[in-house]
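Please model the entire structure based on the sequences and the hints provided.
Spelled out, the chains give:
Number of protein chains: 2
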Amino acid sequence: MLIVQKYGGTSVGSLERIEKVARRVARSKDDGNELVVVVSAMSGETNKLIEYAHHFSRTPSKREMDILLSSGERVTASLLAIALQEMGYDAIAMTGRQAGIKTDDSHTYARIESIKTEALTRELEKGRIVIVAGFQGISESGNVTTLGRGGSDLSAVALAGALKADACEIYSDVDGIYTTDPRIEPKARKLDFISYDEMLELSSLGAKVLQNRSVELAKKMGVRIVAKSSFSDSEGTIIAQEDEKMEAVLVSGIALDKNQARVSLRDLPDRPGIAAEIFDRLAKEQINVDMIIQNASREGMTNLGFTVPQSELARAAKVIESTGHKIGSADYDENVCKVSVVGVGMKSHSGIAAEAFKALASNNINIEMISTSEIKISMIIDEKFGELAVRVLHEVYELDK
Amino acid sequence: MLIVQKYGGTSVGSLERIEKVARRVARSKDDGNELVVVVSAMSGETNKLIEYAHHFSRTPSKREMDILLSSGERVTASLLAIALQEMGYDAIAMTGRQAGIKTDDSHTYARIESIKTEALTRELEKGRIVIVAGFQGISESGNVTTLGRGGSDLSAVALAGALKADACEIYSDVDGIYTTDPRIEPKARKLDFISYDEMLELSSLGAKVLQNRSVELAKKMGVRIVAKSSFSDSEGTIIAQEDEKMEAVLVSGIALDKNQARVSLRDLPDRPGIAAEIFDRLAKEQINVDMIIQNASREGMTNLGFTVPQSELARAAKVIESTGHKIGSADYDENVCKVSVVGVGMKSHSGIAAEAFKALASNNINIEMISTSEIKISMIIDEKFGELAVRVLHEVYELDK
Chain D
148 MLIVQKYGGT SVGSLERIEK VARRVARSKD DGNELVVVVS AMSGETNKLI
198 EYAHHFSRTP SKREMDILLS SGERVTASLL AIALQEMGYD AIAMTGRQAG
248 IKTDDSHTYA RIESIKTEAL TRELEKGRIV IVAGFQGISE SGNVTTLGRG
298 GSDLSAVALA GALKADACEI YSDVDGIYTT DPRIEPKARK LDFISYDEML
348 ELSSLGAKVL QNRSVELAKK MGVRIVAKSS FSDSEGTIIA QEDEKMEAVL
398 VSGIALDKNQ ARVSLRDLPD RPGIAAEIFD RLAKEQINVD MIIQNASREG
448 MTNLGFTVPQ SELARAAKVI ESTGHKIGSA DYDENVCKVS VVGVGMKSHS
498 GIAAEAFKAL ASNNINIEMI STSEIKISMI IDEKFGELAV RVLHEVYELD
548 K
Chain W
148 MLIVQKYGGT SVGSLERIEK VARRVARSKD DGNELVVVVS AMSGETNKLI
198 EYAHHFSRTP SKREMDILLS SGERVTASLL AIALQEMGYD AIAMTGRQAG
248 IKTDDSHTYA RIESIKTEAL TRELEKGRIV IVAGFQGISE SGNVTTLGRG
298 GSDLSAVALA GALKADACEI YSDVDGIYTT DPRIEPKARK LDFISYDEML
348 ELSSLGAKVL QNRSVELAKK MGVRIVAKSS FSDSEGTIIA QEDEKMEAVL
398 VSGIALDKNQ ARVSLRDLPD RPGIAAEIFD RLAKEQINVD MIIQNASREG
448 MTNLGFTVPQ SELARAAKVI ESTGHKIGSA DYDENVCKVS VVGVGMKSHS
498 GIAAEAFKAL ASNNINIEMI STSEIKISMI IDEKFGELAV RVLHEVYELD
548 K
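Line by line, the protein sequences are chains D and W.
Here the first sequence is numbered in the numbering used here, starting from 148 and rising by one per residue.
Here the second sequence is numbered in the numbering used here, starting from 148 and rising by one per residue.
Mixed in with the good hints, there may be bad ones.
If several chains are the same, the list does not tell them apart, and a pair holds so long as it fits within one copy or across any two.
As the list claims (entries may be wrong) - Okay, derived cross-link-like pairs now, BS3-like style, lysine-lysine, Cα gap no bigger than 30 angstroms in a straight line:
| id | residue 1 | residue 2 |
| --- | --- | --- |
| 1 | Lys-531 | Lys-209 |
| 2 | Lys-494 | Lys-505 |
| 3 | Lys-195 | Lys-531 |
| 4 | Lys-209 | Lys-195 |
| 5 | Lys-209 | Lys-273 |
| 6 | Lys-249 | Lys-473 |
| 7 | Lys-531 | Lys-473 |
| 8 | Lys-167 | Lys-209 |
| 9 | Lys-209 | Lys-249 |
| 10 | Lys-523 | Lys-209 |
| 11 | Lys-167 | Lys-465 |
| 12 | Lys-405 | Lys-249 |
| 13 | Lys-263 | Lys-494 |
| 14 | Lys-405 | Lys-548 |
| 15 | Lys-531 | Lys-355 |
| 16 | Lys-249 | Lys-263 |
| 17 | Lys-263 | Lys-366 |
| 18 | Lys-311 | Lys-505 |
Quick caveat, the hints were computed from the structure, so don't treat them as lab data.
Spelled out as C-alpha cells, the structure:
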C-alpha cells in the first residue's frame, strides 16, 4: 500500500520522540508499504519563532514570516530522515518546494494550487521513504509560503490525494475521534469510523486531531484519513465517505461549544435587507456569526437571533447599536453554550430531533435556540447545563454501546 | 555606493543584537547606500542543530544536514528584514536560492558556481534593502546546499563580486586585522590596510575575521573587503589588492601558530620518489603537512623535515614507520611552534629575513626550521619561546608605530 503518514508537533516534540516516530515509520516500511511521511515542527518551535518576530513587530510582514516559520519543519524532516538512515532505511528529506507543493501567493495562509508529484514518485520508485517538511510550499513567483494553522495536515492530505495514496494516517497525541469529550462523559467511546460530513459538523470534537480545512480537502480529493495516536498502537478512527451499503449509524457524536454568546433582537422592522445589513457590518468587523435564526413576531415585525464567539460579544453589541435601526429590544447573553447532535442517519430517520428535545426537557434544560442541518441538530442552552446535556444526549442515543 | 554587508553569528546572537544590526543597516541606508545584507545563523544555533543530528547518527547524511543547517540563516534573515520594516525601511528577506546562489552538488562544503543576480538587482532597483540568508545555495538538481565553515563570508564576497559592489563589509566581534595577536603583544596595532596575499599568509591573525577561502575568492573577483566590528564604530581594516602606487609596508604582521609538531627524518636514501611516497601516504591518511624542508646530509643521504598539526603527530609517526624505508633516525617534537613574519615589502626589499634571524638569536631563541615565500618568513622554534619571539619581532619591525 502507498501510505502518507503525518506526525504532529507533539509527536516529534523531542529527539527521543523523533526516534520513536522513526521506529514507527520503519515498522510500516517493514510491512511492505510505500511511505511518504509529513512532519510538523517540534512542538514549541513555531511559537518560539513567532515570539521572536513579535519582538520586532506586532504586525511582521507575512512574506518574511513564511521564510521564518517554514524553517521548523525542515529541521524535523531532516532529523527524521537521518534517524531512519541510521537504522538502515533508505530515506530522503524534502522541503515543501522539493515535494512539488505549489501554492498561491497568500503568505501565512496560502492555498495549495497543485502538487507536482514527479520528484516524489521518482524517490518512491527507488524504494525510498520520503520525508516531507509539512506546512509549506512555494508560490509561482518562487516565494516560500506557509499554509496556516493545521497546515501540515493539509500537506499530508494534499500529497495523499495527488499520489492517490491508499490512506493518509494522521498521528497526534489523541488516538481518534470520540462520541463526545471524554472529560465530560467518561463513557465516551472511540469511533471506528466517521464520515467527512459528520467530522465537519463535529469539528470541536476533532479539533485537536484535524481541522475542518483538511477534512474538506480530504472529502474533495477522496482521501481516506486514519486518525491515530503516535503514543499507542490502538486502531484509531477512519474518516472517509459514508458507505452507502452499510446502514448508517443514527448518531455519531455529541459536541459541546462553550465559547458562544447569544444575541436576540426582538421586534425588528420586517423589511428586506435589514438582517443582511447587520450581518454585513458584523462581517466587516470580522466578527464570526455562527447560528442564525429568524422568525416573525407581531405583524410587520421580526425576531432575529444569532450567536457569536464570547470574546466578540461586546464588539457585536456596539455594531448593532450603531446600525440606527429601530429595534424593539436587544438582549445579549454570554452564559450560553451550544450542544450539537451529529449523525448521517438523520438524513433518513425522523424523530431524532424530537428525542433530543424530550430528553433535555425531562431534565429541565430549557432550549433557547434551535438550528438544524441535514445531519446536525444544534441547541443553545444555559451554559451551566452544557455538560449535563452532553451526558443526557450521549445516553439517549446509546453512544456508549 | 552599493555595499554588501555581512553579519556573523555573534553579531546576530540575540534579538537585541539583531536590533542593533538593524539600526546599523538603517544608518548605512540613510547615508544613501544601496544595501545587500548577508547574515549568519544566531550564534549557537548551528551547533545546536549539529548536536541534534549527532543524537541520531555519528555520520549523518550530508544532503539532509544541508536542509537542517540552512534553516538557521533563514531565521536571522527574516527577523532582520522584519526589524527593518518595523523601522520604516523597505526590506526583503531572501533565501540562498532566491538570491540566485547556484552551487555544485558537494553537500556541506558546496562551491558557488554562479550567481544569478536578476532577482537581487530587481529588488535593489525598487530601493529595497535585500537581506540574504548566508551559508547556503541551491544545486542544479534543486537540492539545498551549504558552503561549509565561513560560508556566510563566502556568500557575501560572491554576491559583492557578482553585483560589482563598491565594498563588502564583514562585521564580526573583532574590529579588524592586527599586526599580531594583542593578547600576546599589547602594543599590537590595528592595520588600516592589508593586501589579499598578506591576509592569506596571516590567516591565523585573521581567522576569527575571515577564512582563507573568502579572501581567495575576494582576490579572484577583486572584491574590496572591509573587516569591521558590529559592536563599535571604529574604522576597521581594508583587505584589497596591494596598491602599486603606494610604497608597500615592509612588514604587516607577525603570526604565531602553536598547533604545530615537527617531524625530522635524518639520513634518508636520497633517491627520487621517496619524499613523494611519504607525503602521498600522509595525504591519503588526511594528515595536513604544512612546512616542508629538505637538504642533503652525507653523501647519497638526505634530511627531510616537515610539520603537521599536533593532534596528527601520532598518526603521522605510524605512517612513517610503516613505509619500510631505511631511515637513519626519526625525531618527533610536539613542543614547537611556528612564528611567521609577513609583508609584501619583502618582494622588493632584502635583509628582512636576516633581521628576524638576528633578533631571535640575540634573545637566545634557536630556529629549528626555516621556510620562506615571496612575502613570508616562517620559523619553527621551541614552543615556550613563541610569545617572546612574537614580541621581539613586533619590536624589530616597529609594528607598533
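Results for each hint:
In this assembly of identical chains, the alpha carbons of Lys-531 and Lys-209 never lie at most 30 angstroms apart, being 41 angstroms within a copy and 58 angstroms across copies at closest. For a Cα distance limit of 30 angstroms, the shortest separation of Lys-494 from Lys-505 inside one copy, 20 angstroms, qualifies, whereas the shortest one across copies, 104 angstroms, does not. In the homo-oligomer, the alpha carbons of Lys-195 and Lys-531 never lie at most 30 angstroms apart, since the shortest distance is 36 angstroms inside one protomer and 49 angstroms across protomers. In this assembly of identical chains, the alpha carbons of Lys-209 and Lys-195 lie at most 30 angstroms apart whether taken from the same copy (16 angstroms) or from different copies (27 angstroms).
For the identical chains of this complex, Lys-209 and Lys-273 are inter-copy neighbours only, at 19 angstroms across copies versus 37 angstroms inside a copy, given an alpha-carbon limit of 30 angstroms. For a Cα distance limit of 30 angstroms, the shortest separation of Lys-249 from Lys-473 qualifies neither inside one copy, at 51 angstroms, nor across copies, at 67 angstroms. Taking identical chains as interchangeable, the C-alpha atoms of Lys-531 and Lys-473 are never at most 30 angstroms apart, the minima being 33 angstroms within one chain and 97 angstroms between chains. Taking CA atoms no more than 30 angstroms apart as the test, Lys-167 paired with Lys-209 passes between copies only; the shortest distance there is 22 angstroms, against 34 angstroms inside one copy.
Taking identical chains as interchangeable, the C-alpha atoms of Lys-209 and Lys-249 lie at most 30 angstroms apart whether they share a chain (17 angstroms) or sit on different chains (26 angstroms). For the homomeric pair Lys-523 and Lys-209, neither the shortest alpha-carbon distance inside one copy (37 angstroms) nor that between copies (53 angstroms) is at most 30 angstroms. For a Cα distance limit of 30 angstroms, the shortest separation of Lys-167 from Lys-465 qualifies neither inside one copy, at 52 angstroms, nor across copies, at 43 angstroms. Taking identical chains as interchangeable, the C-alpha atoms of Lys-405 and Lys-249 are never at most 30 angstroms apart, the minima being 38 angstroms within one chain and 54 angstroms between chains.
For a Cα distance limit of 30 angstroms, the shortest separation of Lys-263 from Lys-494 qualifies neither inside one copy, at 39 angstroms, nor across copies, at 60 angstroms. In this assembly of identical chains, the alpha carbons of Lys-405 and Lys-548 lie at most 30 angstroms apart only when taken from the same copy (26 angstroms versus 78 angstroms across copies). When the C-alpha separation of Lys-531 and Lys-355 is checked against a cutoff of 30 angstroms, the pair qualifies only within one copy, where the shortest distance is 24 angstroms, while the shortest distance between copies is 66 angstroms. For the homomeric pair Lys-249 and Lys-263, the shortest alpha-carbon distances inside one copy (8 angstroms) and between copies (23 angstroms) are both at most 30 angstroms.
In the homo-oligomer, the alpha carbons of Lys-263 and Lys-366 lie at most 30 angstroms apart inside one protomer (20 angstroms), although the nearest pairing across protomers, at 43 angstroms, exceeds that limit. For a Cα distance limit of 30 angstroms, the shortest separation of Lys-311 from Lys-505 qualifies neither inside one copy, at 46 angstroms, nor across copies, at 81 angstroms.
Checked against the numbered hints given earlier, the structure breaks hints 1, 3, 6, 7, 10, 11, 12, 13, 18 and satisfies all the rest.
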